[in-house]
Amino acid sequence: MHPFNYYAPETIEEATEILKKYGDRAKCLAGGTDVLVQARGEKFELDAIVDVKKIPQLTKLEWTDSHLIIGAATPCHVLYEDPKVCEVFPGIIDSAFLIGGIQIQSRASLGGNLCNASPSADAICSLIVHETTCEIAGPKGTREIPVEDMCTGPGKNALESGEFLVSLKMPLKKGKFSASYERFIPRNEMDIAVAAVASSLELSNGKVSSCRVALAAVGPTPIFAKEASELLVGKEPTDENIKKVSEKAKDIASPIADMRGTVEHRKDLIEVLTRRTISKALERVGG
Amino acid sequence: MAENKVKKVAVNTKINGEEMDILVDPYVSLLETLREVVGITGTKEGCNDGNCGACTVNLDGRIVDSCLVLGVEVEGKNIETVEGMATPDGLHPLQQAFLEEAALQCGICTPGFLVSAKALLDNEPDPSEERIRHWLAGNLCRCTGYDKIVKAVSKASKESK
Chain P
1 MHPFNYYAPE
11 TIEEATEILK
21 KYGDRAKCLA
31 GGTDVLVQAR
41 GEKFELDAIV
51 DVKKIPQLTK
61 LEWTDSHLII
71 GAATPCHVLY
81 EDPKVCEVFP
91 GIIDSAFLIG
101 GIQIQSRASL
111 GGNLCNASPS
121 ADAICSLIVH
131 ETTCEIAGPK
141 GTREIPVEDM
151 CTGPGKNALE
161 SGEFLVSLKM
171 PLKKGKFSAS
181 YERFIPRNEM
191 DIAVAAVASS
201 LELSNGKVSS
211 CRVALAAVGP
221 TPIFAKEASE
231 LLVGKEPTDE
241 NIKKVSEKAK
251 DIASPIADMR
261 GTVEHRKDLI
271 EVLTRRTISK
281 ALERVGG
Chain V
1 MAENKVKKVA
11 VNTKINGEEM
21 DILVDPYVSL
31 LETLREVVGI
41 TGTKEGCNDG
51 NCGACTVNLD
61 GRIVDSCLVL
71 GVEVEGKNIE
81 TVEGMATPDG
91 LHPLQQAFLE
101 EAALQCGICT
111 PGFLVSAKAL
121 LDNEPDPSEE
131 RIRHWLAGNL
141 CRCTGYDKIV
151 KAVSKASKES
161 K
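Order-wise, the sequence lines are chains P and V.
For the first sequence, position 58 matches number 58 in this note's numbering, and the numbering has no gaps at all.
For the second sequence, position 89 matches number 89 in this note's numbering, and the numbering has no gaps at all.
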């Protein structure tokens, strides 16, 4: 591994200075479960690694009147060990509980999973269906982008030189809202999704007032299947209506064939998983 | 690009109850730090990329893959490795159960399984078989087929009650 220096800044400003100084020769370290593997595999050469876990905003879990704010480096176990997060956001917990094994969950974060921008990432679809906003800091100050705009290609994200992800902000819904995430893997644990879907919906007066479906491992980035999601809005969540959404999601999926699965298999999986995740979200809202 | 100058970093940490000051290169993993700087080799290197769990150690009460932690990150932290399990009075009940149930063959994965299983039993003294299997999913064994390991953990949990 190329020798790098280690920095552990305690403020956003300090971290920004170091990242600006090193440019592309530096990366942030949260749990290290992707970045250290890639540095060791010589995917890139680093001169500096910036451990962001000592910056309070990066490891917080904060409830405001309108949002849940998850620090970008907050490890998965913190989420699934928090009864309130489990109760309010079971769809996020589906993802946090699936990323790696217990060892990985001690360290890996949703923010890291997002920045790593793998097409098969377990957290990104869930973040998309929760209408998550990314809070980003950098040399020009802070900015916010919707999470669906974060991944720009396999392993590529929308962060500019010197920028880093501070936190993930998820709105608290007033109505009956829930979500669910499911993936297909040949094993029970510790594997990479062949295909995966997250769905969320909000019910009012027996009708779906909002719906989001997102797909993983069936395109160069996780996909917000907006056209599929819209098919359910304003409708009753009947089997027939859900079927239309899942068929549309299947159309939107554009997977490649590789060692994990064929194009046809993956598209079929998307249809099934869309149906299942919508049904699960519906069950969770008690609809 | 000019050569990147990297200085060793002084780290104060506690390993198996013993406080120590060590000097580590900032790019070196906790696994290499334990084996090559501290000189305790019970923790094994398997895949070195976070898949196999052979290098599992307990860091401040939580199990981690030590190949995915930097040595410099453990400043002020508390590390427990397989070397900390047995006492002068004898083996840890898990180690004893692994022997009695023949829960190992080549032995490379064993320290990782022991450290993982100990963390489970420390928090949940009587886990179900399903829970044991789920907890140990981050540890791979290519010899035993897992059944003997699961039986050993189950036995240790019942005996320590």
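Treat the hints as calculated values from the structure; they're not laboratory data.
Some hints here could point you the wrong way.
[Claimed, not checked] For lysine-lysine, the following DSSO-like pairs were computed, each having C-alpha atoms within a straight-line distance of at most 27 angstroms:
| no. | chain 1 | residue 1 | chain 2 | residue 2 |
| --- | --- | --- | --- | --- |
| 1 | P | Lys174 | P | Lys156 |
| 2 | P | Lys169 | P | Lys156 |
| 3 | P | Lys21 | V | Lys44 |
| 4 | P | Lys60 | V | Lys5 |
| 5 | P | Lys267 | P | Lys244 |
| 6 | V | Lys44 | P | Lys43 |
| 7 | V | Lys77 | P | Lys54 |
| 8 | P | Lys21 | V | Lys5 |
| 9 | V | Lys5 | P | Lys20 |
| 10 | P | Lys54 | V | Lys158 |
| 11 | V | Lys8 | P | Lys20 |
| 12 | V | Lys14 | P | Lys21 |
| 13 | P | Lys60 | V | Lys44 |
| 14 | P | Lys20 | V | Lys7 |
| 15 | V | Lys5 | P | Lys54 |
| 16 | P | Lys173 | V | Lys44 |
| 17 | P | Lys43 | V | Lys5 |
| 18 | V | Lys14 | P | Lys43 |
It should be emphasised that the depicted structure is a prediction, and the values quoted were computed from it without experimental measurement.
Here's how the hints hold up against the structure:
1. P:Lys174 <-> P:Lys156: Answer violated: Lys174 (chain P) to Lys156 (chain P) is near 34 angstroms, above 27 angstroms.
2. P:Lys169 <-> P:Lys156: holds (21 angstroms)
3. P:Lys21 <-> V:Lys44: violated (37 angstroms)
4. P:Lys60 <-> V:Lys5: It is violated: about 33 angstroms lies between the C-alpha atoms, which goes past 27 angstroms.
5. P:Lys267 <-> P:Lys244: Judged against 27 angstroms, a Cα distance of about 15 angstroms means the pair holds.
6. V:Lys44 <-> P:Lys43: Holds. Lys44 (chain V) to Lys43 (chain P) sits at ~24 angstroms (cutoff 27 angstroms).
7. V:Lys77 <-> P:Lys54: holds (14 angstroms)
8. P:Lys21 <-> V:Lys5: holds (15 angstroms)
9. V:Lys5 <-> P:Lys20: holds (18 angstroms)
10. P:Lys54 <-> V:Lys158: violated (40 angstroms)
11. V:Lys8 <-> P:Lys20: Distance ~23 angstroms between Lys8 (chain V) and Lys20 (chain P) Cα, so the pair holds.
12. V:Lys14 <-> P:Lys21: violated (34 angstroms)
13. P:Lys60 <-> V:Lys44: This hinted pair is violated, its Cα atoms lying about 33 angstroms apart.
14. P:Lys20 <-> V:Lys7: holds (21 angstroms)
15. V:Lys5 <-> P:Lys54: Holds - the C-alpha atoms of Lys54 (chain P) and Lys5 (chain V) are around 24 angstroms apart, at most 27 angstroms.
16. P:Lys173 <-> V:Lys44: violated (47 angstroms)
17. P:Lys43 <-> V:Lys5: It holds: about 21 angstroms lies between the C-alpha atoms, which stays within 27 angstroms.
18. V:Lys14 <-> P:Lys43: violated (33 angstroms)
Comparing the model with each numbered hint stated earlier shows that hints 1, 3, 4, 10, 12, 13, 16, 18 do not hold.
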